[in-house]
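4 protein chains.
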Amino acid sequence: MRYTLGCSLSYNILSDTTFIFNLEVAKLRSAEILSESLILKPDLKREVYITPDLQNRYIGVNVPTGPFSLDYNAEVDLTVHRADPATINETPIGQLPLDILPFLLPSRFVSSDRLTPFAQAEFAALPKGHQRVNAICNWIHDHIAYQPGASDGETTAHESLLKRAGVCRDFAHIGTAFCRALGIPARFVSCYAHGLVPSDFHAVFEAYLDGRWWLFDATRQADLDGLIRIGVGRDAAEIAFSTPYGNMQPVNQQIRIVRSDGLGSPPQRTVDAISTEIPRPHAGAA
Amino acid sequence: MRYTLGCSLSYNILSDTTFIFNLEVAKLRSAEILSESLILKPDLKREVYITPDLQNRYIGVNVPTGPFSLDYNAEVDLTVHRADPATINETPIGQLPLDILPFLLPSRFVSSDRLTPFAQAEFAALPKGHQRVNAICNWIHDHIAYQPGASDGETTAHESLLKRAGVCRDFAHIGTAFCRALGIPARFVSCYAHGLVPSDFHAVFEAYLDGRWWLFDATRQADLDGLIRIGVGRDAAEIAFSTPYGNMQPVNQQIRIVRSDGLGSPPQRTVDAISTEIPRPHAGAA
Amino acid sequence: MRYTLGCSLSYNILSDTTFIFNLEVAKLRSAEILSESLILKPDLKREVYITPDLQNRYIGVNVPTGPFSLDYNAEVDLTVHRADPATINETPIGQLPLDILPFLLPSRFVSSDRLTPFAQAEFAALPKGHQRVNAICNWIHDHIAYQPGASDGETTAHESLLKRAGVCRDFAHIGTAFCRALGIPARFVSCYAHGLVPSDFHAVFEAYLDGRWWLFDATRQADLDGLIRIGVGRDAAEIAFSTPYGNMQPVNQQIRIVRSDGLGSPPQRTVDAISTEIPRPHAGAA
Amino acid sequence: MRYTLGCSLSYNILSDTTFIFNLEVAKLRSAEILSESLILKPDLKREVYITPDLQNRYIGVNVPTGPFSLDYNAEVDLTVHRADPATINETPIGQLPLDILPFLLPSRFVSSDRLTPFAQAEFAALPKGHQRVNAICNWIHDHIAYQPGASDGETTAHESLLKRAGVCRDFAHIGTAFCRALGIPARFVSCYAHGLVPSDFHAVFEAYLDGRWWLFDATRQADLDGLIRIGVGRDAAEIAFSTPYGNMQPVNQQIRIVRSDGLGSPPQRTVDAISTEIPRPHAGAA
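Residue numbers (this note's numbering), protein chains in the order written: chain A, 1 to 286; chain H, 1 to 286; chain X, 1 to 286; chain G, 1 to 286.
Read the hints as simulated data drawn from the structure, not as lab findings. A hint or two may mislead.
Since the list gives no way to pick out one identical chain from another, each pair is judged satisfied if it fits inside one copy or across any two copies.
Below, in silico cross-link-like pairs of lysine-lysine (DSSO-like), each with a Cα-Cα straight-line distance of 30 Å or less [as the list claims (entries may be wrong)]:
1. LYS128 with LYS45
2. LYS41 with LYS27
3. LYS163 with LYS128
Just chain A, same shape as in the assembly:
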């Protein structure tokens, strides 16, 4: 499916500020970037860095005092991998590849160690596999209220769980935390999301099952097969769309994504298991 997407951010810079942005579409085999442009005003020198393992695209810019805006546009052709959820199993910890370890351990906002008693009590007895992670998403959707203002940039998964409220960032953190607490590697995903109203950067998560990273969205707010990845990481700390160091005021922020292939959206959300990552062979101790 073809999408036209992008974002426009504007700021008033009060003192020299370094920005680190992560908002460009990740270069995945599943997401072919047909065209792309990034325009800064003023047109400043930028440093570009792509993490070798996760393919996150970071841009560093030093911005002087005054107005500053960033305009990103891309046309992307997304081909997701679909499968029957019932066929997707979990991998015993002893057979997981060791490089997946960062996504099994707790991180700044994914306090999976603190949530382990709860997750074990609630989900340990469920049949394993994609269905179990989907049950986790259903539990989150049924028990956590989507409530802008219920959290901030320091809220952890266990705090959101206690408060029973949060936004997409928190839904993704709780889902990731529950998975890790059950021995399922999981990671936080930032993305452009077709079907999300109002339009915004979206946060979902991926769980590693049967050698592949599968997408999950506990908010149930966007099309699971219309998610264009920006970044993946342990949690929101790693892939904020903007990390500023300096004194500045955000002025405006607009995120957009539309279908551009003339095809309509299906009337119902997909029930397929969806992945946008290539599978990987996993070596493990037998």
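With chain A fixed as given, assemble chains H, X and G onto it according to the hints.
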């Protein structure tokens, strides 16, 4: 300087347990491994993984019920890089290489975002450079009591700061947090430590200054120039010497390190700035 | 029912220490104290204070360096008030007497404000009355593991809930918190508890229903009709059996309670609603 | 000094709501109430309760759906007790009256137990007495930023301390916490405050020194000798000006206090120690 070091761990495995160990000496140019052996009893198949960026050596072992022991020995020739602390400066954020970002952001136990008001109030006015990080270590040493039992595996830097007590793990987390709060990249280091009494795995931290990672130990308990790195990471969550998944009881644990070149230790601890990492050129937006 | 009970505490006092004890049986109409003795060694001057509202008996003693022991014995005749739980209703907040307010508000360890989303989600739809509070106790008993060492003197109700583990103090805090979150006044009770194994000071809670304070024990470890109250308060902070100010080491602690009327205990725990407080008329806005 | 003061609160009640208000001037010997009126619209039946020990005046009102307003006015003649701070000493714990215990122990927002290491490190060596508590206020004023929005109704003293920001409620909680951590009984005070701009309910604290409760205001925002007490308690949980149970929207809130004796205010804030409570004899173990 030459060291003979190692560790012996024994367990009683109650049900099949997967261990992920990180306890072998990291292969750095500064730490030449003259000989090394790892003996497991029973002699089980092990999976080996070395993180490509940080060179952490992980071993994965699936251990069946019954007794289990691990014995690691190595002889290491350590050549540290020394410099006059007064000559080592901080790098403005806008000139830091973007791949250092993970060590500027908060992580599971290094809650630098929550400690920023405190760190700014306490240290922002100090002259920048190695001396500032050393002042941080002095502050920690003077204000935090070394108190086994004051923390556990879930304790974060801000909790240790409030409690004014902790162990080496917590001292290193607080030091790392303060640095990150001031815009100095910092990372957690696990190591064998000459001079540490009683002998144990030790935790210190490194701060990135003037293109190099420099060692700091806020506990002041070991020889700064006698630290042999095992792992580096965002914090203790990433490089626990042992991460078990299963039901087991630790039986015994012995860590050892002695000088083996026949030379005595200097009567006083070094005041040099010490690094065991090669320098790196850093690319940044001018 | 007649009970012989008491406690023996011994300490090694390292520097002058002020103790405030709350361990004598509360003088309730339901608990007739037939005989009582308190022996201190050395035999120090003690200050006695009984809170006018809640009848908590505090003893203040200033103890010099050296060995110190306290021995308390009492013979008590307990006559509980029994009722059919199905007949006991909740009182709408608008009709509660205002002096009950302290037991509706959050306190140091009873973080009822933080637990309100959870309590509302879990219990709001249950039929109101004694049965609802009993359902709360059942939930706690089924979901929280009784685990010495899982908490300490600073653990709050929401922390115990997250950890899914605690001791009697934490079970009582969670029960009290859930009640307050539902608008049911509730308070923490310390007591001697017949049937508790191993013998110890016990913590339960009371909920205010239909003009009376009714006892509840979420641990299900003692006879509900064999609880002899020591103190009541907002939470454990108010009625610790011992609050020391000074440098001392506890040496030994023995708590005891046996039936002394020659009658055996019934084979099964009671299912009656139990109260040891006289009823009170409540004035409320109609 | 004579003051005309009061408050006007208006609400839109969405469903039947029980309010418990604590906003009338406390009847102290030092604050003679010359005239007073409380007007509710609609004119509803109210329940009145005055706590026997602390003299807090609570009003309970059940308000039906629709608009609701409360208008309170009073004229008060305040005669404070002044003394030279240098003459006011602390009382050793062993000589404090036992009924002061609630103000030595931690409470919901005054997490003095968690702040004890910090308070001991910072203030233990200071000369004891009124001057030490004043030094505590100076420390708070210098280190905590007055920042509306930095806290909410669940923020505890140690959280405000870590954040280094808060409002009057938090300044009072930290001051109370530090005192309790040093063995100085302290309590939270809500009041009308002359000199406070913008006008609002104010929060300060009192410390028990030399048999008397002395006022302290770490915000330094109001006249210490122009504080008219509404309530005292362990912390803000006990004496919120309004505790609502129901679904309602606050519409408007106006608090006012002016000098009404025609005398001007002195050009500078007083440096006297100020108390509005009568002294009390204290019995203690010699």
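Run the structure past the numbered hints and jot down the numbers of the failing ones, going up.
When the structure is compared with the hints, none of them turns out to be violated.
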